[in-house]
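S.K.: Numbering of the sequence shown is given in the working numbering, commencing with residue 3 and proceeding in unit increments.
Every clue listed holds true.
As a list, the in silico DMTMM-like pairs of lysine to aspartate or glutamate whose alpha-carbon atoms are at most 25 Å apart: (1) Lys45 x Glu10; (2) Lys15 x Glu29; (3) Lys45 x Glu6; (4) Lys45 x Glu61; (5) Lys15 x Glu28; (6) Lys45 x Glu29.
These are calculated hints, taken from the structure and not from any lab test.
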Amino acid sequence: YLLEHAGEPVPRKTLLEALWPDTVVEENNLTQAVSALRRTLGKGHIATLPGRGYQFVSEVRSIRRDAA
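Using the sequences and the hints given, assemble the complete structure.
M.R.: Encoded structure:
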């Protein structure tokens with residue numbers, strides 16, 4: 003979801019609804035998921051926007067695959 007909205011602030015509530023639809027989830031679950039994602043991607047790709055949410059801040063490029 004963050005990649006689909008790269009460069010845009012994404013509110014925590016929006017992420018919770020997108021990642022866990024129709025499920026009651028604590029905000030701590032989102033914090034842990036973002037932490038795990040940062041460990042996987044490395045630092046500097048996801049910014050925390052205090053009081054607003056998160057933002058994917060790295061460059062995103064589409065890769066086209068040729069049909070075989």
